[in-house]
Amino acid sequence: MARKNEVISMLLAGGQGSRLGILTHKIAKPAVPFGGKYRIIDFPLSNCVNSGIYTVGVLTQYQPLELNDYVGNGEPWDLDRSDGGVHILSPYQQIEGTDWYKGTANAIYQNIHFIDKYDPDYVVVLSGDHIYKMDYADMLAYHKKQEAACTIAMREVEWKEASRFGLMLVNEDGTISEFEEKPANPRSNKASMGIYIFTWSKLREYLIADENDPESSNDFGHNVIPAMHEAGEKMVAYQFDGYWRDVGTIESLWEANMDILSPASGINLNDPNWKIYARSPSAAPQYIADSAEVSNSMVTEGCSVEGKVDFSVLFPNAEVEEGANVKYSIVMPGAVVKKGATVQYAIVAEGAVIEEGAKVGAGPDVTDPDEWGVAVIGEKVVVGKDATVPANVMVNENVEEGTNYESK
Amino acid sequence: MRANNVLGIIHSQAFDSNIQELTSVRTMASVPFGCRYRFIDFPLSNMVNAGISEVGIITKENYQSLMDHIGSGKPWDLARKREGLYILPPYNTSIASAAGQRNRIEAIYSNMDFLRHSRHEYVVITDSNSVYNFDFNDLFAYHTEQEADITIAYKHGKVPKLDNMQILTLDENKRVTEVAVDNFEEGEVDYSFNIFVLRKSLLEYLIKNAIAHNGTSFAKDVIQPNTANLKIVGYEIPGFAAMVDSLKTYYNVSMDLLAPENRKALLNPKNPIATKIADNVPSLYGENSKTGNSLIADGCTIEGTVENSLLFRGVVVEKGAVVKNSILMQGTIISANAKVDSIITDKNVTISPNRNLSGDPSYPIYFTKNIVV
Chain A
1 MARKNEVISM LLAGGQGSRL GILTHKIAKP AVPFGGKYRI IDFPLSNCVN SGIYTVGVLT
61 QYQPLELNDY VGNGEPWDLD RSDGGVHILS PYQQIEGTDW YKGTANAIYQ NIHFIDKYDP
121 DYVVVLSGDH IYKMDYADML AYHKKQEAAC TIAMREVEWK EASRFGLMLV NEDGTISEFE
181 EKPANPRSNK ASMGIYIFTW SKLREYLIAD ENDPESSNDF GHNVIPAMHE AGEKMVAYQF
241 DGYWRDVGTI ESLWEANMDI LSPASGINLN DPNWKIYARS PSAAPQYIAD SAEVSNSMVT
301 EGCSVEGKVD FSVLFPNAEV EEGANVKYSI VMPGAVVKKG ATVQYAIVAE GAVIEEGAKV
361 GAGPDVTDPD EWGVAVIGEK VVVGKDATVP ANVMVNENVE EGTNYESK
Chain B
1 MRANNVLGII HSQAFDSNIQ ELTSVRTMAS VPFGCRYRFI DFPLSNMVNA GISEVGIITK
61 ENYQSLMDHI GSGKPWDLAR KREGLYILPP YNTSIASAAG QRNRIEAIYS NMDFLRHSRH
121 EYVVITDSNS VYNFDFNDLF AYHTEQEADI TIAYKHGKVP KLDNMQILTL DENKRVTEVA
181 VDNFEEGEVD YSFNIFVLRK SLLEYLIKNA IAHNGTSFAK DVIQPNTANL KIVGYEIPGF
241 AAMVDSLKTY YNVSMDLLAP ENRKALLNPK NPIATKIADN VPSLYGENSK TGNSLIADGC
301 TIEGTVENSL LFRGVVVEKG AVVKNSILMQ GTIISANAKV DSIITDKNVT ISPNRNLSGD
361 PSYPIYFTKN IVV
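Residue numbers (my numbering), protein chains in the order written: chain A, 1 to 408; chain B, 1 to 373.
In isolation and in its complexed conformation, chain A is listed as follows:
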């Protein structure tokens, strides 16, 4: 029997992240590389540890191999503990049959016994696809002060974007009077961030009821939260004004990477009081050659730069050869941009090779604005010598030497 924990976290990391296309063909979304040496999951995991939460269940389902490998025993986050620590929770066979996680609520429901083991008073439910630094202890203090059954982290978004979010109408005392899911005509600009704190005894009750409801899609946002609200439980909103990005799409992933290059964006990764921890490969220091020009960029261990890099993020062991030009791009671990190649407004995934003289991506200025988008080169894809890949495509197969890639 584990010792009682006042609060534990459950991190929903099972989603496919289909909007990230080929970047999540082989890995779950939370395992997608971010910010030079991190993966998306490092943010919620580091937040937990920095908030003093040392018991974290990571719910995985889709392509869990790399994610499980990455989280491992939790040592990089100080989550290798004899009491608590990080636990990977995958769906499993049970006496009455086997179920995949049918929805976010069902994923937690299937792990009620895991949570019960720690006998917590509160459970923090987190998503694995957000980039932000947040002290959950502050949010928990607010939850306790309000004596709420459920506290939902909320931020004010631009009115014109509000209809893309799950919105909340909030009273002056912080209680939530109404929910609106992606309404056409928003009455509020207070959006849910997908970060919840529940009083466990309450949540437990509603999870069981939800499971017994054959009509339910077993989802927090669609079923459990509305059910609690309708039953008159105290639901409060906790306003968070810091940097927060959902990186569920190619554009938002690219933008959030660009954000870390800009001090004005509000996300500072170089904060000794709120470190983001990661499982780092052991690599040599980065080498910047005489021929290199590096500016407005982040470069990390194991990289070798001989060419030009501007407004870009280079991951461990990425290489940019002489005469190559990389701008407004993300070059993931071990990817190579060879001599004279140009990569702009692009995401080059792990181990991809851009051969000599190839051109990948295009700027919004030279493309029809409606057609423009970030070009994505998939894992281990080779873009042949002098080949061209236009903007706004996802390339998941090798591109032959000298050809123009056309999306099918």
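What the hints contain is simulated information worked out from the structure, not anything from laboratory work. Small disclaimer: the values here were computed from a predicted structure and weren't measured. The beta-carbon is built from N, C-alpha and C at its ideal position, and this holds for glycine as well. Careful: at least some of the hints might be erroneous.
Residues on chain B that point at chain A, a partial pick, calculated with CB under 8 Å [claimed, not checked]:
hint : residue
1    : G34
2    : E121
3    : L267
4    : T275
5    : I277
6    : A297
Subject to a maximum C-alpha distance of 30 Å in a straight line, what follows is the list of computed DSS-like cross-link-like pairs (lysine-lysine) [unchecked claim]:
hint : chain 1 : residue 1 : chain 2 : residue 2
7    : B       : K339      : A       : K339
8    : B       : K319      : A       : K308
9    : A       : K338      : A       : K385
Got chain A sorted already, so can you dock chain B onto it with the hints?
Using the frame of chain A, we list chain B on its own:
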């Protein structure tokens, strides 16, 4: 013999007095090197990469920073239930008191219990003032093949200016026929890298014997007199290997890493040199930064100009600052418009704005830890 039958012994303190600048606050083993490493990382990683699973690090004084760096041994996969890493603090015996642990013989003698308890049949002994990356298994295979009693890894070149350096005379079969100690010949010779392979039982015997005869020098009282009655052979270290005997060679060896062939040999990703994980952010290169021919660790912020230099973790080069031919250790700040050339800064040195400081590559200026210039 196989690596899993070899115990590693590392002297962490030898030659501290030769680079007093860098060792005034730490022991030789924890002297920072190559942007993100400490000297101890090299013998330790070479041992672990070969499959050695038990390593003892002999300490004498000033070893707090070494303990901080080594921790449980996790980065080298030596945090183990069985065996793993042992820090051997100074230990008083009737013969070798902590203060009197004056030499390698006494250092090993005071850790005889550790040797005795190890289940391994062989030992490999190293110092921690040199950098190299080669397969210790080749060294062990050579030892077996030669049916040697002692194998000494050596290098051909000018002898470092250190005490007790052994110049080896090798016959055509690489057997050591003569050892000259502290003979600083000008020319190039074969000199011992102070890496020794031998049976543990032989080491125990030799050390006890040396103590019984008031021996004080491993080179003069253990190796030198035994060339006739023991089969001592030399093994030439392949690839890049360098020993540091002064602040100047520290500077030169560091700068050698800027050459791609040296870097690839020493920091070969196939045999990685492991070090303590620091969780720094990637380095940020600002708008008007210019960086050329330099090695940079993570956590740096570069807004000025950096040329032919090595930057350790968390170094800041502010706008308009110019850094040339320098080694800047962790947390150094070169303030706006300051210009530095051929300097070595220890940890957390701050060079104030507009200062102009230059040494010469043949005589770099050293700035001690935590000072503000």
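Checked hints:
The beta carbon of B:G34 comes within 7 Å of a beta carbon in chain A, closer than 8 Å, and the hint placing it at the interface holds. Because the closest C-beta pair between B:E121 and chain A is about 30 Å apart, greater than 8 Å, the hint is violated. Below 8 Å, beta-carbon pairs count as interface contacts, and B:L267 has one with chain A at about 4 Å; its hint therefore holds. A distance limit of 8 Å between C-beta atoms decides the matter here; for B:T275 the minimum to chain A is near 7 Å, and the interface restraint holds.
A cut of 8 Å between beta carbons decides the hint on B:I277: the least distance to chain A is about 6 Å, and the hint holds. The restraint placing B:A297 at the interface with chain A holds, with a minimum CB-CB distance near 5 Å, inside the 8 Å limit. A hinted pair counts as satisfied when its Cα atoms are at most 30 Å apart, and B:K339 with A:K339 does not qualify at roughly 33 Å. The hinted pair formed by B:K319 and A:K308 meets the criterion: a straight-line CA distance of about 20 Å does not exceed 30 Å.
For the hint pairing A:K338 with A:K385, the CA-to-CA distance comes to about 9 Å; that is within 30 Å, so the pair holds.
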